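Letter by letter, the chains look like this.
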Amino acid sequence: MQDVEAIAGSREELQEYRRLLTRDPDSLRFAEYADRLRRFGQLEDALAICQGGLARHPAYSTGRVVMGEILIDSGKADEAEAEWRRALHLDPGHPRAHLRLGELYLSRGETDQAIAAFETALLHSPEFPEARAKLAEAKGPSPTLPAGEPKPLEDRLRTPGERPEWLTADRFGDLVQCVAACACVETAALADSSGSPVSGELPEMAGGTAGEAPMSFLVEARALLSRLGAGRLRSALICSDTLSLRCVPLGGLALLAALRSRSPVGEADEQIEECIAGGQRSEGNEA
Amino acid sequence: MSSEPTTKNRGMGDTLDALMGVPGVLAGMVATDEGLPLAARLRTELDEEALAAAAAVLGQLGARTLKDVGRGELEVVVLDASKFRFVVQPVALGYLMVVTEPLAEADPVLGEMTSAAACLDEAGSALAEPRAA
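Quick note, the sequences are listed as chains A and B, same order.
Quick note on numbering: my numbering labels position 73 of the first sequence as 73, and the sequence is numbered without any gaps.
Quick note on numbering: my numbering labels position 14 of the second sequence as 14, and the sequence is numbered without any gaps.
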């Protein structure tokens, strides 16, 4: 319950916004005004202000985000999602749009997509406490450490969502060896979400943590697919004249395989998929 | 695109038509570096503008990743998603993108895209000539 002074202060603030928009109907601050009205629960007024503002500034991405927030508070989840997607079409790095889409995915039980959205929000705005908190919520609570502390690798790999169930720590080596032994593959490694290898050897690459750039690619690729409504990311291939790198996300881990020069892509994929399927089958047999 | 007024643009359209003949191909597109569509052939529910933006984002992401690891210039990026496969190749005008069914054979598509990229680069150079003169 808000106290009387806070409500009175906020009402003055609302009046100030109203005066400002009366003086300057083209002001972009319609979005702040609509957002304040929404927080006060005045959803109809918020909607009218935001619609009016967006009619003048249809390409204002923050206005689209606020419109989505009004719609979700009004129980119109599909329309809200469409507004946030429009915002990202206008500004692909808008952290709040990624955050709101992530929350929506989380509410639908689409945890992988939610995690990708929160990670993308943090990629564009690393000091975004709301996105950080939601990411921690989506990934599940740590059984051993307080929230916010980085978990040791062994703990993280036991956490659902960090890796598929079949990929237990004792199978990392087998999977990497199987992939590295494929005729089309030069080197293979399993990397954690920071890009550090947890098993195997990454191809020779520059940079502090060699796997960091491919992992960052996967995070952004997931977000892109989510915006396009193209489904779950199964794998990615990045080729230059000196490197063909196959990246297969496995929960929070990724299998990174450098393909031999001029290897047929289809054949390499089949070989790598066979290794992954073999790991899944062995888990089934043990069960 | 519905209107393609120049001979060069018809050349771009012909190149995309040839790509659309490869089994499993659902869309072909040329987009600028800024993510604007130059020419497109679509047989999917995907939005043309969104696809063009995605082509530029994917191309730039791939190029940045290779730059970060110091391993050469981007030749091609492939994203395999559960509903589609996206293949992006840089060309002189921006990016060539093909969308296929998720389980379409990759190598014939990649081979045809290399030929298409060469045609587009030729058309791109020809387009640039009058400006240079």
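Do not take every clue at face value.
[What the hints assert, rightly or not] SDA-like cross-link-like pairs, simulated, lysine to any residue; straight-line CA separation at most 20 Å: (1) B:LYS67 / A:SER240; (2) B:LYS83 / A:THR111; (3) B:LYS67 / A:SER194; (4) B:LYS67 / A:SER216; (5) B:LYS67 / A:VAL219; (6) B:LYS83 / A:ARG85; (7) A:LYS76 / A:ARG86; (8) B:LYS83 / A:ASP112; (9) A:LYS76 / A:LEU47.
Treat the hints as calculated values from the structure; they're not laboratory data.
In this text the structure is predicted, and so the values were computed from the model without any measurement.
Against the structure, the hints:
1. B:LYS67 / A:SER240: holds (10 Å)
2. B:LYS83 / A:THR111: It holds: about 18 Å lies between the C-alpha atoms, which stays within 20 Å.
3. B:LYS67 / A:SER194: holds (18 Å)
4. B:LYS67 / A:SER216: holds (13 Å)
5. B:LYS67 / A:VAL219: This hinted pair holds, its Cα atoms lying about 17 Å apart.
6. B:LYS83 / A:ARG85: holds (18 Å)
7. A:LYS76 / A:ARG86: holds (16 Å)
8. B:LYS83 / A:ASP112: holds (16 Å)
9. A:LYS76 / A:LEU47: holds (12 Å)
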